[in-house]
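Protein chains in written order, with the working numbering: chain A, 1 to 394; chain B, 1 to 257; chain C, 1 to 382.
Calculated from the structure, these hints are not laboratory results. Please note that the accuracy of each hint is not assured.
What the hints assert, rightly or not - Below, simulated BS3-like cross-link-like pairs (lysine-lysine); rule was C-alpha separation at most 30 Å, straight line: (1) A:K387 / B:K147; (2) A:K206 / B:K147; (3) B:K126 / B:K146; (4) B:K188 / B:K122; (5) A:K206 / B:K85; (6) A:K206 / B:K72; (7) B:K126 / A:K206; (8) A:K387 / B:K249; (9) B:K249 / A:K206; (10) B:K243 / A:K206; (11) A:K387 / B:K188; (12) B:K249 / B:K188; (13) B:K147 / B:K125; (14) B:K72 / B:K243; (15) B:K215 / B:K188; (16) B:K122 / A:K206; (17) A:K387 / B:K146; (18) B:K147 / B:K169; (19) B:K147 / B:K122; (20) C:K290 / A:K94; (21) B:K146 / B:K125; (22) B:K188 / B:K169; (23) B:K146 / B:K169; (24) A:K387 / B:K126.
Stated by the list, open to error - Label pairs and their calculated CB-CB ranges: (25) C:A36 / A:G341: 17 to 27 Å; (26) A:G201 / B:K169: 22 to 32 Å; (27) A:G291 / B:K126: 52 to 62 Å; (28) C:S47 / A:G341: 21 to 31 Å; (29) A:G283 / C:F363: 53 to 63 Å; (30) A:S117 / C:Q369: 38 to 48 Å; (31) A:L40 / C:N168: 44 to 54 Å; (32) C:L375 / A:F218: 25 to 35 Å; (33) A:L40 / C:G325: 22 to 32 Å; (34) A:L371 / C:T169: 32 to 42 Å; (35) A:L371 / C:G325: 23 to 33 Å; (36) C:P165 / A:L40: 27 to 37 Å; (37) C:D339 / A:G283: 42 to 52 Å.
As the list claims (entries may be wrong) - Under 10 Å between C-beta atoms, here's a sample of chain C residues computed to sit facing chain A: (38) T51; (39) D317; (40) P341.
Every residue gets a Cβ at the ideal spot worked out from N, C-alpha and C, and that includes glycine.
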Amino acid sequence: MQQSLGQPAKRSAWWNDARVRGVLSQVFVLGGIGLLVWYLVSNTLANLETRSIATGFGFLEREAGFAVSESPIPYSAADTYYRVLVVGILNTLKVSIVGIALATLFGTLAGVARLSSNWLVAKFATIYVEGLRNIPILLQLFFWYTVITQTLPGPRQAFNPMPGVFLSNRGLQYAEPVWDPTYGLMAGALAVGIIGAWALGRWAHKRQERTGRLFPTFRVGAALILGLPVLAYVLGGAPTELDVPALKGFNFRGGGTVTPEFAALLVGLVLYTGTYIAEIVRGGILSVSHGQTEAGLALGLSRGLVMRLILLPQALRVIIPPLTSQYLNLTKNSSLAVAIGFPDLVSVANTSINQTGQAVEGIAIIMAVYLTVSLSISAFMNWYNRKIALQGVR
Amino acid sequence: MTPGDTLGDTPNSGAAITLESVHKWYGAFHVLQDINLTVQRGERVVVCGPSGSGKSTMIRCVNRLEEHQEGKIIVNGIELTNDVKAIEGIRREVGMVFQSFNLFPHLTVLENLTLSPIWVQKRPKKEAEQAAMEYLERVHIPEQAKKYPGQLSGGQQQRVAIARALCMKPSIMLFDEPTSALDPEMIKEVLDVMVGLAEAGMTMICVTHEMGFAKTVANNMVFMDEGSIVEMAPPKEFFTNPKSERTQKFLSQILTH
Amino acid sequence: MARSGETPGQIIAREEEPKDVSLPPPKAPPTSPVLAVDWVRQHLFSSVPNTLLTLLCFWLLWETVPPLIDWALIGAVWSGGDPQLCRDADGACWAFITEKHRFILFGLYPFDEQWRPRLAMALFVGTLLVSSYPPFWRPWLGLLWVAVFTSCGILMWGGVFGLTPVDNTRWGGVPLTLILAVVGLVCAFPLSILLALGRRSDLPAIRMVCVGFIELIRGVPLISVLFMASVMFPLFLPEGVTIDKLLRAQVGIILFTAAYLAEAVRGGLQSIPRGQFEAADAMGLSYWKKTLLIILPQALKVAIPPIVNQFISMFKDTSLVIIIGLFDLLTTAKTALADPPWRAFYIESYLFAAMIYWAFCFFMSRYSQYLERRLETGHKRS
């Protein structure tokens, strides 16, 4: 840049070379980070040694020695740390998956309600969205947990809204059918129904392309998916034996249970995330201009077809990316379970850290699990975004 | 006497569109005031007037994108009421082209064109695509069939929109300022397509300020202001000898421009 | 073209003269002119399903609002330090709030000295209000903030000007929540700019370090970062050096916030058209001059609304420090309930804390919407 005219270029000092500078600054940054990491690691190692804490993941093989209040797989205090962490991961996944399904349903309803032409409905939805999204989720969790454990009566005075269902401060107890081979048959029938509906959809699509005739795919498909299991149930002799919860001493025995911790966490996560999903759905619907509806109607399409062929595909493109990040947020927020005693991953890892002192390893496990979930979802999102990107939209 | 009567009694051609004392309000704002208009089969009417004069609202009432509150609108012998099936039927007979194209950005050009033939007329996909390609050739852009609307220029998009409306094989076409959103160099390519349509005998109502186009194709000019039809005449008289002062003023503004 | 069999276009002969149609006399809309009735019909009873929905809403209102008013106003106990009064009453126990509000608001701060956090908060919120008005965004505002921070520090810590020293382990309630959020934002901001610039750098090593940090932090829950701060930081430091719990949590919050803010700033950087970079290069500016003088001022302006939104979520997230045992607003509200005679009045306590959080977040989010409208100066790439 500093060459003077008419003279051969003066050789600039080597440290002004852009490439040299680039390499140097990278070396500096990496070197600085390396030094910092080395400093921290050596401190940590020294500290661990003075506190005589062993490093490494050997502790995973040892007996955990603490019980958890609920677990999808058999677990006892005599099992290893490894197994209790798996229990934690499964519990995290359980509350996240149920939470995501319910929050989507609830949020979509609220988002559509905010756009309702009915003033009262729209106002109700607005109050819900603006009210709950501005209050910390943790406060809401404490609130719901206290409501369940303090307001609901004890097991002896439990609400009994319908036969076999009890609501008390120990959670929700409900009658569960006793296992019967018929239920296996029903599961099989459901699978056949789903595959059948899918095949039917493909056949109907092909036929429409060929002949133009439409087929009520949705109704017939739904009938298949719902009807086949019912048929299987009747053919299997319609077993009716139930495992009804009964009061034994101070608590219920038998049947299925939704614990207060799980219920509070689920309610809190669903209501809080629902407010964000409502706004995303509303934004997505508003993003499709009214002209699109008009153009569809002007072509003679019915309102249902305009919704299905024109509005939904366009709104979903806008909705799905932020929706996924809300799913991720819900999963990460489920870690607040530790505050109300639901044994999710963070909660059991925290107990393990307190018992073994293996803080570095415990936190590394938490982070690794969440990172795996986040990164796989982001990878999916990138793939999806590439797939649906609108061509040439400027 | 209503202005519509001036067109009446043309032998061997029935009325395609009839509006009888149509009124419409937005809240307390009277957008359409006592509109009377008859368009015969094969007739081409060009509607002009200052912005906000109700001309777009009027033609949007014809396929019930807007509801009128008083009066009668009869299209192809069917009166527009709240009957959903009747409205869908009329919309199949009436093609519409919008100022802002309103192509579906998530579908290719070809999919835009075949959407209605496949889902409304229930035709086989192959057949619908062949027909669509023919229309694309008529608007001179068959090579763009596989592209998405966002990849086309404005003029090309509007021609696709015209082809999309034609794919329904409509007997009437409505144009709502089809060239207002276009750059000057693209206006001609769209107008050429519209002139071609007119020459083929399509019944048309065009809202436009392209006076050259109006002179070429219109059987009848309509001037609207403040929600009413102020003047209606064949183009020759309309341009050379406008009766109303408001029409004169409007024409002088738009022609000297 | 469309239908070959139809009548061709024909010019219709016209005998009659075109005529000027005079305007018809003004006519009222056919619907009722009474606007209120009209409005109700349109917005509540426009169709059968709509009417059903409206009736459902009215039923809900009927079921919830009168009992709520009974509870919150009519049957409520407003004052008096006796929890027994509350237990005998049917309604809310606002006496709990009268009794405990000082603790909930200021935590364990010495009771007689609580005018100090009160004054500090007033100063602070006042300055916040002043700086929310864009025309005041001038250099003197920065100086004002330095002065306010210093005086808040003096007020909170004491130890000079005859103020009794108060250790930061005794800080709590709203001041602590505000400190965690605001110091978090202020310190995370420069870090986030570096991270965002690094993420867009041409140098692969720097880019990888920044992307790694941002994605790592954004991929894990805040609580794991706070655990790391509270459990692992002490291990990181050489023997004998300790940092207190508040500072550790604060560092955790700063690192966490920086990663999210970096994404907001990156959004701003991405909105700058290529031509701006090229123009700056053409003027012969070095990388840092180009960045500081041309790019950042524009990018940050675009990034302000997302930054405010980030601040809102951070304000809510500070409540997580309860899990590592700091006395923020949520902790004080929960701890106030630990007093056995008052244990039953959790709704009142949580509602009180929730309203404080809500008011802050709601007005901040309205403010962010206002800024978004105000700052819209054609930066949008369409």
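Right, here's what the structure says about each hint:
Pair hint K387 of chain A plus K147 of chain B holds up; C-alpha atoms about 16 Å apart against a cutoff of 30 Å. With a CA separation close to 23 Å, the supplied pair K206 of chain A and K147 of chain B stays within the 30 Å bound. Between K126 of chain B and K146 of chain B the alpha-carbon distance is near 15 Å, which keeps this suggested pair within the 30 Å criterion. Restraint check for K188 of chain B and K122 of chain B: the C-alpha separation of about 35 Å exceeds 30 Å, so the hint is violated.
Simply put, K206 of chain A and K85 of chain B have alpha-carbon atoms about 27 Å apart, close enough for the 30 Å limit, and the pair holds. At most 30 Å may separate the alpha-carbon atoms for a hinted pair to count; K206 of chain A and K72 of chain B exceed this at roughly 44 Å. A hinted pair counts as satisfied when its Cα atoms are at most 30 Å apart, and K126 of chain B with K206 of chain A qualifies at roughly 11 Å. For a cut-off of 30 Å, the pair hint linking K387 of chain A to K249 of chain B is broken: about 55 Å separates their Cα positions.
This hinted pair does not check out: K249 of chain B and K206 of chain A have alpha carbons roughly 60 Å apart, beyond 30 Å. For the proposed pair K243 of chain B and K206 of chain A, the alpha carbon gap of about 61 Å is over 30 Å, so the pair is violated. For the proposed pair K387 of chain A and K188 of chain B, the alpha carbon gap of about 36 Å is over 30 Å, so the pair is violated. Note on K249 of chain B and K188 of chain B: the hinted pairing holds, with a Cα-Cα distance of about 26 Å set against a maximum of 30 Å.
As the CA atoms of K147 of chain B and K125 of chain B are separated by approximately 18 Å, the hinted pair is consistent with the 30 Å bound. With a CA separation close to 28 Å, the supplied pair K72 of chain B and K243 of chain B stays within the 30 Å bound. Taking the CA atoms of K215 of chain B and K188 of chain B, the gap is near 15 Å; set against the 30 Å cutoff, the hint holds. At most 30 Å may separate the alpha-carbon atoms for a hinted pair to count; K122 of chain B and K206 of chain A meet this at roughly 13 Å.
Annotation: proposed proximity of K387 of chain A to K146 of chain B holds, straight-line Cα distance about 17 Å (limit 30 Å). Proximity of K147 of chain B to K169 of chain B is assessed by CA-CA distance (about 23 Å); at most 30 Å being required, the pair is judged to hold. Restraint check: the Cα-Cα separation between K147 of chain B and K122 of chain B comes to about 24 Å, which is no more than 30 Å; the hinted pair holds. Among the hinted pairs, K290 of chain C with K94 of chain A is inconsistent with the structure: their alpha-carbon atoms are about 50 Å apart, more than 30 Å.
This hinted pair checks out: K146 of chain B and K125 of chain B have alpha carbons roughly 15 Å apart, not beyond 30 Å. For the given pair, K188 of chain B sits about 24 Å from K169 of chain B by alpha-carbon distance, which is consistent with the 30 Å threshold. The suggested pairing of K146 of chain B with K169 of chain B holds, with an alpha-carbon distance near 22 Å, which does not exceed 30 Å. A threshold of 30 Å between alpha carbons decides the hint, and for K387 of chain A with K126 of chain B the separation of about 25 Å falls inside it, so the pair holds.
For A36 of chain C and G341 of chain A, the hinted distance range of 17 to 27 Å is not satisfied, since their beta carbons lie about 53 Å from each other. At about 30 Å, the beta-carbon gap between G201 of chain A and K169 of chain B stays in the expected band of 22 to 32 Å. The hinted window of 52 to 62 Å between G291 of chain A and K126 of chain B is violated, with their beta carbons roughly 30 Å apart. Roughly 48 Å separates the CB atoms of S47 of chain C and G341 of chain A, a value that falls outside the hinted 21 to 31 Å.
Take G283 of chain A and F363 of chain C: their Cβ atoms lie about 22 Å apart, and the range 53 to 63 Å is violated. Between S117 of chain A and Q369 of chain C the C-beta distance comes to about 24 Å, which lies outside the given range of 38 to 48 Å. Hint check: L40 of chain A to N168 of chain C, Cβ distance near 25 Å, so the stated range 44 to 54 Å is violated. A beta carbon spacing of about 46 Å between L375 of chain C and F218 of chain A contradicts the range 25 to 35 Å that was offered as a hint.
Checked against the hint of 22 to 32 Å, the pair L40 of chain A and G325 of chain C passes, with Cβ atoms roughly 24 Å apart. Evaluation of the 32 to 42 Å hint for L371 of chain A and T169 of chain C yields a pass: the beta carbon distance comes to about 34 Å. For L371 of chain A and G325 of chain C, the Cβ-Cβ distance of about 26 Å falls inside the hinted range of 23 to 33 Å, so the restraint holds. A hinted range of 27 to 37 Å holds for the C-beta pair P165 of chain C and L40 of chain A, which are about 32 Å apart.
Taken as a hint, the range 42 to 52 Å holds for the pair D339 of chain C and G283 of chain A, whose Cβ atoms sit roughly 45 Å apart. Contact between T51 of chain C and chain A, as hinted, is supported at the beta carbon level, the nearest pair being about 9 Å apart and thus within 10 Å. Look at D317 of chain C: its Cβ gets to within about 7 Å of chain A, closer than 10 Å, so that hint holds up. Interface hint status for P341 of chain C: violated, as the beta-carbon distance to the closest one in chain A is roughly 15 Å, over 10 Å.
The structure fails to meet hints 4, 6, 8, 9, 10, 11, 20, 25, 27, 28, 29, 30, 31, 32, 40 from the earlier list, while all remaining hints are met.
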